[in-house]
Amino acid sequence: MISKAFKTVFKKEVMENLRDKRTVMSSLVMGAVLGPLLMLGLFHVITNVTKGKAEEQLELPVINIQSAQNLEKHLLSQGVKIIELDEKSPEQAIKDKDHDVILEIDEGYSEDMSSGQVAKVMLYYDGSAKGNSNISVNKARSMINAYSSSIGAIRLQLRGVSPGIMNVISIENHDQASSESKGAQMMSFLPYVLIIVLFSGSMYLAIDTTAGEKERKSLEPLFLNPVSRTDILSGKLAATISFGLITLVVTVIVFKLTLPFYPMKKLGVNLDLSMYKLLVIFVALMPLAVLASAIQTIIASFSKSFKEAQTYVGMLIIIPMIPSMILMLLSVKEKLWMMAVPILSQNLIINQIIRGEDPGAAAILVTVFSTLFFGLLLAWIAVRLYNKENMLFAD
Amino acid sequence: MITVENISKSFGDVKAVKDVSLVAEDGKITALLGANGAGKTTSMRMIYALITPETGVVTVDGINSTENPVDARARMGVLPDARGLYKRLTARENMAYFGRLQGMNEADITRRSDELIERLGMEKFADRQTDGFSQGQRVKVAIARAIIHDPQNILLDEPTNGLDVMSTRAIRAFLREEKTRGKCLLFSSHVMQEVSAVCDEITVVDAGIIRAKGTEAELLALTGEKNLEDAFVSLVTKEAVTGADL
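Quick note, the sequences are listed as chains X and P, same order. Counting in the numbering used here, the first sequence runs from 542 upward without gaps. Counting in the numbering used here, the second sequence runs from 131 upward without gaps.
Chain X with its partners taken away, still in its complex shape (with noise of 0.2 angstroms):
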């Protein structure tokens, strides 16, 4: 089945762009190896960011300090740096951005807690502020709480009262979250990554081969050799796929060499990639090489120039975002269906291996099958489309 012709098409294009430096870095150095270096970069960097807001200590301006002794002394105790706010008003310094949040004790608050009514605090803070300064805000908030609660207590235990009739129902928090599914929130965008990367793989060879080749000018000389176009274009499809699997294997095995480097403990997560879950990953993901080269090859055999091919087959990539994006976001239970739309289901397969599920047997059979049915029904559309005489030429 395998003819000559095709073999040396294939081999042809795949020495041949071997040679350009363009193809290699685009697919190879930028998706497959920088890609997966990104990742863990930009991990670090907002692990860092977060953890150390939390884990730091908490810098409080109060305003009339002088008034709550006895609030000061637990805000010590709890660590706080009580500072002294300078000339602004507690309103203008947030809006500054001078500091995450402002305490300001009320005029009457002595007066009030020794005559034991409600005594007032003021909190300075922006709501709409980004990033981690509802930390800071959260963390004194919670503070001033517990003292209040304290107090309560012992107010109601020198009346004879026991504190816990303030509690009507007590809640038990049962988080199921196991220390798998954490990692696997935080690694929800690697589906939409693994997928990125195999359409970027096969993306220059798709257009090269075709849209390229026509705008240099060379396959008319190449469709006058006595052997099918059939052949011709099967072979180009061929070299397409396998730069889109090689991009796909660098990038996994770019991503299984930096995962040790996650800051999995500081996060408290687990994220157990072995090279068995990390080979069914690759086993789902397979048959999409077929269905992205087929597809880019069929958009970029409609364009008459590279640049537009490179146009068109760019705004392809938009595609394989919208479920992964949608899974992102939502939460969605596996059905076996889903499992026969390419693309959501290689997103759910992912998604279900790296909470350290199994998404077992049946729904890798009908992944691997259905993307491939698919997949093969648009390479013969490409190749087809070759035998139509106004694709053959650029003008």
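Pairs of lysine-lysine, DSSO-like flavour, derived with a Cα cap of 27 angstroms:
#, chain 1, residue 1, chain 2, residue 2
1, P, Lys-148, X, Lys-929
2, P, Lys-217, X, Lys-848
3, P, Lys-217, X, Lys-845
4, P, Lys-217, X, Lys-562
5, P, Lys-217, X, Lys-545
6, P, Lys-217, X, Lys-548
7, X, Lys-552, P, Lys-217
8, X, Lys-758, P, Lys-145
9, P, Lys-145, X, Lys-845
10, P, Lys-145, X, Lys-929
11, P, Lys-254, X, Lys-562
12, P, Lys-217, X, Lys-758
13, P, Lys-254, X, Lys-758
14, X, Lys-638, X, Lys-671
Sample of chain P residues lacking proximity to chain X, with all beta carbon distances greater than 10 angstroms (derived):
#, residue
15, Ala-165
16, Gly-251
17, Gln-282
18, Arg-311
19, Ser-326
20, Gly-344
Keep in mind that the hints were calculated from the coordinates and are not lab data. Where a beta carbon is used, it is the ideal one built from N, C-alpha and C, also for glycine.
For this one, chain X is given, so just place chain P on it according to the hints.
The following block gives chain P in isolation, referenced to the frame of chain X:
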């Protein structure tokens, strides 16, 4: 030998080629002479079985090229209008790629490549990647690539278009050599001097229709002009003269 009988082709409403017939015999150089847009390239594309004629038949050494394009192509070496090379492959690799697609074995490819490199004077650049080749170097590689399998029929679409004198002469000399080896050569051109210099038989085509056929002397006699250029102008400006009138 190539026989073309009444081939036609239209693109939408435009009839690009109407009932073109010609015979290109072995041991002769036959020209398809016409102005730009006269239907030369479309006729050539039908003859070398890239596109299918709407009417008529093309046979190459007796093989019907519509019914059996793959076998017909194996008997032809074609330098089409589009002659892009693979610029990341060397000249030799470009030739070998086509040799393999022609079904040749590696030993034959090497032997034939060496022969063509020598005959076309390509020694200096044969092992360089073709990126940055001059026009003349590119055409030589394209011709060598097209006839790597030593076909009986050689078809060239405006082979010396845009070439300097030296390259033009080298290619003309090569075509004459092939003729003496008994090959059938068919080439299209709009350059009178070229046709006058190398061709034995001339078919004048204009607006997709054949205006006249014959040797250069016959065309001059027919029109009563002194040179081919005047004869050509006279043929395409007056009413069609069919081949039967000759």
